[in-house]
Amino acid sequence: MTAAHDQLPGGEPDAIRALLPWYANGTLGAQDRRRVEEALAHDPALVAELAAIREEAAETIHLNETLGAPSSQAMHKLFAAIDAEPARRTRLSLSARIAAFVTALSPRALTAAAAAVAVVLVVQAGVIGRVLVEQYGASGYQTASYQPSKTTSGTTALVRFAPEAKASEISDLLASYHASVVDGPKAGMFRILLGDKPLPNAERDKLIARLQSEKIVGFAAPAE
Amino acid sequence: MSGAQAASDDVLIARIASGDRLAMQVFYGRHHVRVYRFALRLVRNEQVAEDLISDVFLDVWRQAGKFEGRSAVSTWLLAITRFKALSGLRRRKDAELDDETAASIEDTSDDPEVTMQKKDTGEALRACLGALSQEHREIVDLVYYHEKSVEEVAGIVGIPENTVKTRLFYARKKLAELLKAAGIERGWP
Chain A
1 MTAAHDQLPG
11 GEPDAIRALL
21 PWYANGTLGA
31 QDRRRVEEAL
41 AHDPALVAEL
51 AAIREEAAET
61 IHLNETLGAP
71 SSQAMHKLFA
81 AIDAEPARRT
91 RLSLSARIAA
101 FVTALSPRAL
111 TAAAAAVAVV
121 LVVQAGVIGR
131 VLVEQYGASG
141 YQTASYQPSK
151 TTSGTTALVR
161 FAPEAKASEI
171 SDLLASYHAS
181 VVDGPKAGMF
191 RILLGDKPLP
201 NAERDKLIAR
211 LQSEKIVGFA
221 APAE
Chain B
225 MSGAQAASDD
235 VLIARIASGD
245 RLAMQVFYGR
255 HHVRVYRFAL
265 RLVRNEQVAE
275 DLISDVFLDV
285 WRQAGKFEGR
295 SAVSTWLLAI
305 TRFKALSGLR
315 RRKDAELDDE
325 TAASIEDTSD
335 DPEVTMQKKD
345 TGEALRACLG
355 ALSQEHREIV
365 DLVYYHEKSV
375 EEVAGIVGIP
385 ENTVKTRLFY
395 ARKKLAELLK
405 AAGIERGWP
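The listed protein sequences correspond, in order, to chains A and B.
The first sequence begins at 1 in the working numbering and counts up one residue at a time.
The second sequence begins at 225 in the working numbering and counts up one residue at a time.
Hints were generated in silico from the structure; no laboratory data involved.
Check each hint, because a few of them may be wrong.
Think about it this way: if two alpha-carbon atoms lie no more than 25 Å apart in a straight line, the pair counts; the simulated SDA-like pairs of lysine to any residue are [stated by the list, open to error]: (1) B:398 / A:215; (2) B:308 / A:205; (3) A:166 / B:354; (4) B:308 / B:357; (5) B:290 / B:241; (6) A:215 / A:81; (7) A:166 / B:345; (8) A:77 / B:384; (9) B:308 / A:80; (10) B:398 / A:177; (11) A:77 / B:242; (12) A:77 / A:62; (13) A:215 / A:62; (14) B:398 / A:18; (15) A:166 / B:357; (16) A:166 / A:50; (17) A:215 / A:36; (18) A:166 / B:308; (19) B:404 / B:384; (20) A:77 / B:398; (21) A:77 / B:237; (22) B:404 / A:87; (23) B:308 / B:241; (24) A:77 / A:87; (25) A:215 / A:178; (26) A:206 / A:219; (27) A:215 / B:386; (28) A:166 / B:404; (29) A:197 / A:166; (30) A:215 / A:167; (31) B:397 / B:386; (32) B:290 / B:306; (33) B:404 / A:50; (34) A:166 / A:190; (35) B:397 / A:36.
Quick caveat, the model's predicted, so the values are computed rather than measured.
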C-alpha cells in the first residue's frame, strides 16, 4: 500500500477502498459491487488489501465464536419476566372480528342485514351494467381476459430495481424520468414507459445509461 | 442472514406481537447467542451481558407490535442491544464511554507485545482486535461478524453512512498500527 492510501476515504480510489469490507461481507449493491470488481481487476494493491480484510474478518469471526454462549439463567430470567407481564389483549384479525360480530347478531337482525346485503348487490350489478354499456356501447361480447392493446407511444425500457430500493425511492425515480410501469414484474424485471414520445436511438441509449447509473437501479436496457 | 430466515423472523415477530410464547422461544433460540456476543464485546462482563440480553428480548416481547419492518429483525435487535449496553455503561460512573477509558478497560486478550512472541498472525490479530477502542470494536464486529451493510450499520450506530465507512477505515488503520507494534508488518499505514 502506498502513502497516498493513508488518508480519509475521499477520491474515487479511496472511495473504492472504503467499500472493500462490505465487498468482502457480500452486502454491497450491484452497482457498487461492479465498481469494486472493475477496480480490483486493475489494482494489485487493492487485491492485497482485500486479502488482508478477509484475514481480519476470519479472525473477528474466530474471536466472536470463542466468546461462548449465555447460560440458561438468561433464558429463565427472560421467560419468568414474560410470565409476570400482564395478560396481553389478543388483537383479532379482521375476519375474526367480522365473524365475532355476525355471531353476536340476533336472528331478526341477521335477516335484516342479509336483506340489506341483497339490495346492495342488486344495485351494484345495475351500476356495473350501466358503466359497461356506456363504455363499450353495442360493440358486443368480450372475454374477461381481453385487454385492449396499450398505445405506448413513448420509449420503453426493462428495469430491475436494487433489492434494497424503497417504494418511495422507486416512485420518486419514476416521477423524475416522467416514467410509469406498464408491465411486470416478470423474472424481477419491470417494463417502464419513459416520456410520451419515441426517442431517437442515441437519445434513448443516453437516457437508459443515465437510468442504469441510478443507485436503486440494478439493471436497465431498452425494451423491444 | 438468508432472505428466508429474514421472512420467517417477520412472521415470528407478528406471532410474538399477538402474545405467542412459543414463537418467542423460537426467536430467542435463533438469536440469543449473537446478541449475547455483541453485548459482551460492548460491556466486557459476562454477567452484565446475560442480564442485558434478558432485557433486550423482554423489550422484543413488549415492543413486537411496534416493529415496522423498515430494517431486518436482526438489525433491530442489535440496535436495541447497543442502546441498552451503552445506556448501562453510561450509568456506571467507572465506565465513561470515551475512547481513552473504553480502551483502558481490562481486556482478556493478550497484549500485542505478548503476542509478538507467539509468532502467530491469527492470534496477534485477535489480540489487536481485542485492544481496539469500543467504537472501533463495535464497527468491526458489525461488519465482519454480524455481516451488516453500510446502511444497516448506520441504522444501528446512529451515524451517517459516510461516517460508517470512515470509522471502519480508521479502525482498520488502528489495527494495522497495533499489529506493527506487535512486530507484524502489513505495509499499512
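Hint by hint, which ones does the structure fall short of? 1, 2, 3, 6, 7, 8, 10, 12, 13, 15, 16, 18, 19, 20, 22, 28 and 29
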